[in-house]
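Using our numbering, the first residue of the sequence shown is number 1, and each one after it goes up by one.
Rather than coming from a laboratory, the hints here were simulated on the basis of the structure.
A few of these clues could be false.
To be verified - Listed next, with one range per pair, are the computed distances between beta-carbon atoms: (1) K48 / G162: 26 to 34 Å; (2) S103 / N42: 36 to 44 Å; (3) E44 / M159: 21 to 29 Å; (4) Q206 / K48: 47 to 55 Å; (5) Q107 / T212: 44 to 52 Å; (6) E166 / N42: 40 to 48 Å; (7) F47 / R147: 25 to 33 Å; (8) R208 / N42: 18 to 26 Å.
Keep in mind the model is a prediction, meaning the values are calculated, not measured.
Beta carbons: idealized from backbone N, C-alpha and C, even for Gly.
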Amino acid sequence: SPLVTLTLMKILLLGSDGFIGKLLTSHLASGHQLVKVDRATNLEKLFKANQTYDFVINCVSSKPSSDLSESNESNFEYPKRIFEGVDTKRWLQLESYFQLQISMGRQDYYTLDKQRFSDYLDSRSKTESSPSIHHLYLPHIFGEGDRPGRLISSAILAMKSGLILEASSGTQYLPILHNTDAVIGIASFLDNPTKEASCLPFWYGQVRDLLTI
Numbered sequence: 001s002p003l004v005t006l007t008l009m010k011i012l013l014l015g016s017d018g019f020i021g022k023l024l025t026s027h028l029a030s031g032h033q034l035v036k037v038d039r040a041t042n043l044e045k046l047f048k049a050n051q052t053y054d055f056v057i058n059c060v061s062s063k064p065s066s067d068l069s070e071s072n073e074s075n076f077e078y079p080k081r082i083f084e085g086v087d088t089k090r091w092l093q094l095e096s097y098f099q100l101q102i103s104m105g106r107q108d109y110y111t112l113d114k115q116r117f118s119d120y121l122d123s124r125s126k127t128e129s130s131p132s133i134h135h136l137y138l139p140h141i142f143g144e145g146d147r148p149g150r151l152i153s154s155a156i157l158a159m160k161s162g163l164i165l166e167a168s169s170g171t172q173y174l175p176i177l178h179n180t181d182a183v184i185g186i187a188s189f190l191d192n193p194t195k196e197a198s199c200l201p202f203w204y205g206q207v208r209d210l211l212t213i
């Protein structure tokens with residue numbers, strides 16, 4: 001679907017070379033002034049540019065299986081440096097549905113560090129009027145360019161190859177959304193931002209039911 005934009009904005013996109021970031025770049029570049037940031041970006045040069053952005057979109061995250069050090073750096077320290085170094089009117093934090101499972105006992109580094117950074121953003125917003133903080137929760141995203149080890153990619157590979165797929169008990173509930181739909185949701189959010197929102201999954205159910213389908 002074509003991207004419909006209401007207002008030309010200057011956007012700083014963190015994680016522009018990632019799974020979601022690459023596709024989001026192609027959607028936003030034609031309608032907005034887009035500044036891309038990846039791990040090769042010189043942050044000191046970025047900070048010294050003294051630019052004011054309408055939005056910073058944070059697509060940066062570690063793998064869910066990352067260890068303590070990698071998770072802390074990718075999900076907390078790195079975006080914190082950028083938050084403190086750039087001037088933006090709004091900050092859009094892309095959140096994981098994993099964070100909604102913390103109250104149900106989820107305790108992995110990835111989930112806790114992403115939530116820790118979200119809490120940091122909210123704490124800053126209580127004492128500073130700018131930037132305004134926005135949280136957009138995403139389901140399990142899949143699609144072209146997905147890592148081979150992720151659930152749906154692994155399931156497809158196993159089915160094609162006649163291999164056994166291990167998916168624990170399969171009782172975990174999983175919301176899923178294709179990456180192109182996720183990007184359209186993110187782009188739509190920019191035109192009508194709220195404090196919190198979520199991209200609705202097109203399917204939600206137990207993993208074993210998904211694999212049966």
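Self-check item: Ascending list of hint numbers which this structure does not respect
Solution: Structure breaks hints 1, 3, 5, 8.
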